[in-house]
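Engineer: Sequence:
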Amino acid sequence: MKMLLRICVMAGFPFVTAGCASGSNDAMHIGSLLFQSITGHAAMITREQAAAIPYASIGVQLGSSAQGLAVLGKGVGDDRYWYSGNSILFVTRAGRVTRTVGLPYDLSHADARSGSAPTAPGTASHFVITLDFPDLGAFNVVANCADSDEGPATISILSANIETRHHIERCEAPELDWSFENEFWLDAKTGYVWQSIQNIHPRSSLLTVTVFRPESSPRPQAAQ
239 MKMLLRICVM AGFPFVTAGC ASGSNDAMHI GSLLFQSITG HAAMITREQA AAIPYASIGV
299 QLGSSAQGLA VLGKGVGDDR YWYSGNSILF VTRAGRVTRT VGLPYDLSHA DARSGSAPTA
359 PGTASHFVIT LDFPDLGAFN VVANCADSDE GPATISILSA NIETRHHIER CEAPELDWSF
419 ENEFWLDAKT GYVWQSIQNI HPRSSLLTVT VFRPESSPRP QAAQ
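So the mapping is simple: the numbering used here equals the position in the sequence shown, first residue as 1, plus 238.
Just so you know, these hints were derived from the structure itself, not from any lab. These numbers come from a predicted model, not from an experiment. Where a beta carbon is used, it is the ideal one built from N, C-alpha and C, also for glycine. Worth double-checking, as some hints may not be accurate.
[To be verified] FRET-style restraints, in silico, Cβ to Cβ:
1. D415 x I393: 16 to 24 Å
2. S417 x R351: 16 to 24 Å
3. G315 x D370: 27 to 35 Å
4. E413 x S454: 35 to 43 Å
5. P372 x S397: 35 to 43 Å
6. L414 x G301: 33 to 41 Å
7. D415 x S454: 37 to 45 Å
8. N378 x Y343: 24 to 32 Å
Required output: the full structure, derived from the provided sequences and hints.
Structural biologist: Here it is as C-alpha cells:
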C-alpha cells in the first residue's frame, strides 16, 4: 500500500520533537505497531516511540487492547485519513471517527449534523448522527444525540498537561435499539479535539483516540 505521508509537523511541538522526514519503510513499521496492538501483541506506546515518528500521529486503543499508532496520510477537505500499515484505516472529521477499515467491527460512514453549541457547562445541544453498518444491513441509521459541556478538565498526553473542556454526547438509535455515549476533550482555547472515547459499532468495544502529534497548524474545531 503506498503511503502518502507528506505532512510535516511543528518543530518544537512540546510532546515530540523529531524533525520532518519521509520513508515508506518507517510508515510500514508504524503500521505494524498498530496492527500488533489491535491483536494484543504490543505494549502501550511510550513517549520515546511517539517521539520517533516524524509524522502527525494518533494513539488508538480498542477496548482493553494495548495502545497503537496511526499516522496521517492525507487530508481531503475536512476529512483526515490515518493509516496503519496496509490493513487498517481511520477517517476522522473534526475529531470524530467517521469511517474505519480493518477492525473486528467497522463503521462504514458517519455524518453528524450539529445544532447550537452549549453555552454553559452542563447545558446540552441536540443534533443527529447518521451511520452505516453494512455487516448489519443497516444504512442511514439515525442517532438522536445531546452534547453536554461538562466543564474544564486537564488531561495528560505523553506527560504534557492540556487544559480542555470535557464534552459528553448521549445518543439513542431506536432502529438498532442502541444507546451509547461518546466523550471528547476539546482544547479550552481552540476547540481542537485532543482525545476522545467513541462508539464505532453496536458490537464493538470503545475506541479511544489520542492525538500525539497534530498537523502543523491544527485548526479550531468542534467534536461535531
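Engineer: Taking the hints in turn, state whether each one holds.
Structural biologist: Cross-check of the supplied hints:
1. D415 x I393: 16 to 24 Å: At roughly 33 Å between Cβ atoms, I393 and D415 fall outside 16 to 24 Å, so the hint is violated.
2. S417 x R351: 16 to 24 Å: Since the Cβ atoms of S417 and R351 sit about 19 Å apart, the hinted range of 16 to 24 Å holds.
3. G315 x D370: 27 to 35 Å: 19 Å, violated
4. E413 x S454: 35 to 43 Å: 41 Å, holds
5. P372 x S397: 35 to 43 Å: Cβ of P372 to Cβ of S397: about 40 Å, so the range 35 to 43 Å holds.
6. L414 x G301: 33 to 41 Å: 20 Å, violated
7. D415 x S454: 37 to 45 Å: 44 Å, holds
8. N378 x Y343: 24 to 32 Å: Roughly 18 Å apart at Cβ, these two residues miss the hinted range, so it is violated.
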